[in-house]
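Each chain, letter by letter, is given below.
Protein chains: 2
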Amino acid sequence: MTFNVKLLVYPKEEVLDSPGKAVAGSLLSLGYSSVKNVRIGRYIQLLINSDTAEEARQQVEKMCDDLLVNSLIEEFTIISVEA
Amino acid sequence: MTFNVKLLVYPKEEVLDSPGKAVAGSLLSLGYSSVKNVRIGRYIQLLINSDTAEEARQQVEKMCDDLLVNSLIEEFTIISVEA
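One line per chain: the protein sequences are A and B, in this order.
Just so we're aligned, residue -15 is where the first sequence starts under this note's numbering, counting upward by one.
Just so we're aligned, residue -15 is where the second sequence starts under this note's numbering, counting upward by one.
Don't read these hints as lab results, they were simulated from the structure.
Careful: at least some of the hints might be erroneous.
Since the list can't tell identical chains apart, any single copy or any two copies may satisfy a pair.
Calculated lysine to aspartate or glutamate pairs in the DMTMM-like style (CA-CA distance at most 20 Å, straight line) [stated by the list, open to error]:
id: 1; residue 1: K20; residue 2: E66
id: 2; residue 1: K20; residue 2: E38
id: 3; residue 1: K5; residue 2: E38
id: 4; residue 1: K20; residue 2: E45
id: 5; residue 1: K20; residue 2: D35
id: 6; residue 1: K20; residue 2: E39
id: 7; residue 1: K5; residue 2: D50
id: 8; residue 1: K(-4); residue 2: E38
id: 9; residue 1: K20; residue 2: D1
id: 10; residue 1: K(-10); residue 2: D50
id: 11; residue 1: K(-10); residue 2: E58
id: 12; residue 1: K(-10); residue 2: D49
id: 13; residue 1: K46; residue 2: D1
id: 14; residue 1: K(-10); residue 2: E45
Chain A on its own, in the form it takes in the complex (with noise of 0.2 Å):
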């Protein structure tokens, strides 16, 4: 079965967010001035064959620690997993 799974990388709280802040700054000087911060992060989407929703899963977890995500800087979500 294809399993479409669905997951968001973004820096953790602690890190600074230069693409987040270079965003804000010109949001402000296109006239945004309600903006008060901005923080920026890939939204992935997978299509790959596996027997359950479950194994999908955990296929994509381990794709994180291997190549998605730079677990030192980055958490990541996977929102969904759908067939």
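Mind docking chain B on chain A? Use the hints.
Quick look at chain B alone, frame taken from chain A:
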């Protein structure tokens, strides 16, 4: 009031997703043969001041038009607006 607006920005279906292709290739070379496709987008969290959630949503949609989204090749979805 301060609202936390979360949105996803991702390449349109018909657009070649080079970062996604690169990650898929890396995962395959790490032995994850179950991977069929990978698409990578941005996960953006904005803290903004606004009187209402609806006004916060509209402000963010305008920010997307002005800066956050390249509408030629990208689409976006606002996934939540929380006080």
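Each hint, compared with the structure:
In this assembly of identical chains, the alpha carbons of K20 and E66 lie at most 20 Å apart only when taken from different copies (14 Å versus 35 Å within one copy). Proximity of K20 and E38 under a CA criterion of 20 Å is satisfied inter-copy only: 18 Å between copies versus 38 Å inside one chain copy. Neither within a single protomer nor between protomers do K5 and E38 lie at most 20 Å apart by alpha-carbon distance, with minima of 37 Å and 25 Å respectively. In this homomeric assembly, K20 and E45 come within 20 Å of each other (Cα to Cα) only across copies, at 16 Å, whereas the closest approach inside a single copy is 32 Å.
Taking identical chains as interchangeable, the C-alpha atoms of K20 and D35 lie at most 20 Å apart only when they sit on different chains, with a minimum of 14 Å there against 45 Å within one chain. Taking the closest pair of Cα atoms, K20 and E39 come within 20 Å of each other only across two copies (15 Å); inside a single copy the shortest separation is 40 Å, beyond that limit. Taking identical chains as interchangeable, the C-alpha atoms of K5 and D50 lie at most 20 Å apart only when they sit on different chains, with a minimum of 17 Å there against 28 Å within one chain. In this assembly of identical chains, the alpha carbons of K(-4) and E38 never lie at most 20 Å apart, being 26 Å within a copy and 28 Å across copies at closest.
Proximity of K20 to D1 under the C-alpha cut-off of 20 Å is restricted to the intra-copy arrangement: shortest distance 14 Å within a copy versus 31 Å between copies. In the homo-oligomer, the alpha carbons of K(-10) and D50 lie at most 20 Å apart inside one protomer (17 Å), although the nearest pairing across protomers, at 27 Å, exceeds that limit. Both within a single protomer and between protomers do K(-10) and E58 lie at most 20 Å apart by alpha-carbon distance, with minima of 16 Å and 17 Å respectively. With identical chains, the CA atoms of K(-10) and D49 are at most 20 Å apart within one copy only, with a shortest distance of 16 Å there and 25 Å across copies.
In the homo-oligomer, the alpha carbons of K46 and D1 never lie at most 20 Å apart, since the shortest distance is 25 Å inside one protomer and 23 Å across protomers. Taking the shortest alpha-carbon separations for K(-10) and E45, only the intra-copy value of 11 Å comes in at or below 20 Å, while the best inter-copy value is 23 Å.
Of the numbered hints listed earlier, those contradicted by the structure are 3, 8, 13.
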